[in-house]
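So the protein lines, in turn, are chains A and B. With this note's numbering, letter number 8 in the first sequence gets 8, and the count goes up by one each step, no holes. This note's numbering runs 1000 ahead of the 1-based position in the second sequence.
It is possible that part of the hints are untrue.
EDC-like, lysine to aspartate or glutamate: derived pairs with alpha carbons at most 16 Å apart [unchecked claim]:
1. A/185 with B/1197
2. B/1172 with A/245
3. A/183 with B/1171
4. B/1185 with A/171
5. B/1201 with B/1008
6. B/1183 with A/171
Just so you know, these hints were derived from the structure itself, not from any lab.
Okay, here's what each chain looks like letter by letter:
Protein chains: 2
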Amino acid sequence: MKIIIAKEAGFCFGVKRAMDMIYKIPEKYPDKKVYSFREVIHNPQEVKRLESLGVRVIQNIRQIEGGAIAIVGTHGITPLEQENLKKKGIYFVDTTCPYVKKIHNIVEHLAQNNYQILVIGDKYHLEVKGIMGHCHGKGKTISSSSEIKNIKAGPKIGIVAQTTQNTNEYEKIIFDIINKLFKTKQMEIRIFNTICDATYKRQKETMRIAQKVDVMIIIGGRNSANTVRLYKLCKKIQKNVYLIETAGEIKKEWFINKKILGISAGASTPDWIIKDIVSKIKELNI
Amino acid sequence: MKIIIAKEAGFCFGVKRAMDMIYKIPEKYPDKKVYSFREVIHNPQEVKRLESLGVRVIQNIRQIEGGAIAIVGTHGITPLEQENLKKKGIYFVDTTCPYVKKIHNIVEHLAQNNYQILVIGDKYHLEVKGIMGHCHGKGKTISSSSEIKNIKAGPKIGIVAQTTQNTNEYEKIIFDIINKLFKTKQMEIRIFNTICDATYKRQKETMRIAQKVDVMIIIGGRNSANTVRLYKLCKKIQKNVYLIETAGEIKKEWFINKKILGISAGASTPDWIIKDIVSKIKELNI
Chain A
1 MKIIIAKEAG
11 FCFGVKRAMD
21 MIYKIPEKYP
31 DKKVYSFREV
41 IHNPQEVKRL
51 ESLGVRVIQN
61 IRQIEGGAIA
71 IVGTHGITPL
81 EQENLKKKGI
91 YFVDTTCPYV
101 KKIHNIVEHL
111 AQNNYQILVI
121 GDKYHLEVKG
131 IMGHCHGKGK
141 TISSSSEIKN
151 IKAGPKIGIV
161 AQTTQNTNEY
171 EKIIFDIINK
181 LFKTKQMEIR
191 IFNTICDATY
201 KRQKETMRIA
211 QKVDVMIIIG
221 GRNSANTVRL
231 YKLCKKIQKN
241 VYLIETAGEI
251 KKEWFINKKI
261 LGISAGASTP
271 DWIIKDIVSK
281 IKELNI
Chain B
1001 MKIIIAKEAG
1011 FCFGVKRAMD
1021 MIYKIPEKYP
1031 DKKVYSFREV
1041 IHNPQEVKRL
1051 ESLGVRVIQN
1061 IRQIEGGAIA
1071 IVGTHGITPL
1081 EQENLKKKGI
1091 YFVDTTCPYV
1101 KKIHNIVEHL
1111 AQNNYQILVI
1121 GDKYHLEVKG
1131 IMGHCHGKGK
1141 TISSSSEIKN
1151 IKAGPKIGIV
1161 AQTTQNTNEY
1171 EKIIFDIINK
1181 LFKTKQMEIR
1191 IFNTICDATY
1201 KRQKETMRIA
1211 QKVDVMIIIG
1221 GRNSANTVRL
1231 YKLCKKIQKN
1241 VYLIETAGEI
1251 KKEWFINKKI
1261 LGISAGASTP
1271 DWIIKDIVSK
1281 IKELNI
């Protein structure tokens, strides 16, 4: 059986960078207690690996004692949370994705220059919550065009998107905003395309592979939104699709009489899990 | 016969302001020669009136001698032309429309901050030529969506419109620009709605009036684009429409058996011509 592994499978640039930083902590600060402020990554196996190295995942800054080290995840935090960590004397390793950091800088600049800020994305997502904090009260989240009617437009509007926003959806919302506001008066609308193309590229490549194989395996956490999304997209074009977290879930019967297997993985799936699964499949000798 | 005169008929804010400034010149500088650098206004009667006051219309700065006064029209001029006037020791009365001046300031700011600038409008129009000068080599004119394919996009793009651009057309071009560029990469598009709503309001009101009258008169220069546009728009919904420049052109037969007359005028039509025509029609006693 031939195996095709998606080039875009697994850790995106931001997650890879974050994990590299995190794994250096125990070596760098051998005597410090290390906390992860919320989950750094939506992959149970990788989180377990982190925990085995002494990293404790907590949800609230109150759970961290002064002098300890806190890991700030890829999605970033608000300026208030940064302030609270500093006040408590907690040193934090900031793994915020540079693409998210760029959005923080953009909205800080917009807020300082009195723009109304519209953040297009999921208001319950950690990334969006962090961005909103950096808007300093001048931000509003918009998750769909239906929410545009509530905008009371000033003369200067700035628009940014969550890094994982769908490009077509972002464009549609921008068009609806322009259409609603431009007729009324002279004004400025400043739009930033802040969408990271890793998710888009991964979905596109995975679907292309799913079309030309007999069976498809998606690797990643069942709590990872982008992994589940990959699985659902493949299901539309390929009936033999399996979502697994570990090599232990593999069943030989999936591959009987199959000629080509396709493999892809979510942005939070570590390479060691992908490699582990690939070698387990090769051992089956099909 | 009842007469309805459009509220938005005649001089727009910018033209009115310019003419107020111009008619004060002979009083303020009684000993100076006064030139109009290109036509200040597209109305032959008003230009003739200006000429009778000693204002000479010229097309080239070389035709003006040092020490004279030059009127800069509502459409504005380029920084190079300003410089040339200053170098020759010519004092210029700048009647550039404040809405156009605002665009000059916007593109100057964009050019200083290394934005690529797209000017949406008619590249042969004086206003657009002036704006392009203020872009200091960083501007490009776009008159229709078909020209978008030639844009080589950098990371920062600023977009402005000619003040008389049609709002729907401007939106369509913006959407096409976003659609072409956003898919490619992270970038910023900064859009300014610089359209002046006087033209839009005048057209809307004129068409509303044309629908409910028996006969319609449009007053203005046959060389005035916005006046001719009003005439053509009315022709679509009303067969009895007449475009005239002066009271001398009125024909009694137009009004026989008519109950309501509608009157509108272009942005460059002075009040005295409108009043003259209205009183001539009233004298007909129809």
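Against the structure, the hints:
1. Pair hint residue 185 of chain A plus residue 1197 of chain B holds up; C-alpha atoms about 8 Å apart against a cutoff of 16 Å.
2. Distance restraint check for residue 1172 of chain B and residue 245 of chain A: the Cα-Cα separation of roughly 47 Å exceeds the 16 Å cut-off, and the hinted pair is therefore not satisfied.
3. Restraint check for residue 183 of chain A and residue 1171 of chain B: the C-alpha separation of about 10 Å stays at or below 16 Å, so the hint holds.
4. Among the hinted pairs, residue 1185 of chain B with residue 171 of chain A is consistent with the structure: their alpha-carbon atoms are about 13 Å apart, no more than 16 Å.
5. Taking the CA atoms of residue 1201 of chain B and residue 1008 of chain B, the gap is near 7 Å; set against the 16 Å cutoff, the hint holds.
6. Taking the CA atoms of residue 1183 of chain B and residue 171 of chain A, the gap is near 10 Å; set against the 16 Å cutoff, the hint holds.
Hint compliance for this structure: hint 2 is the single one not met.
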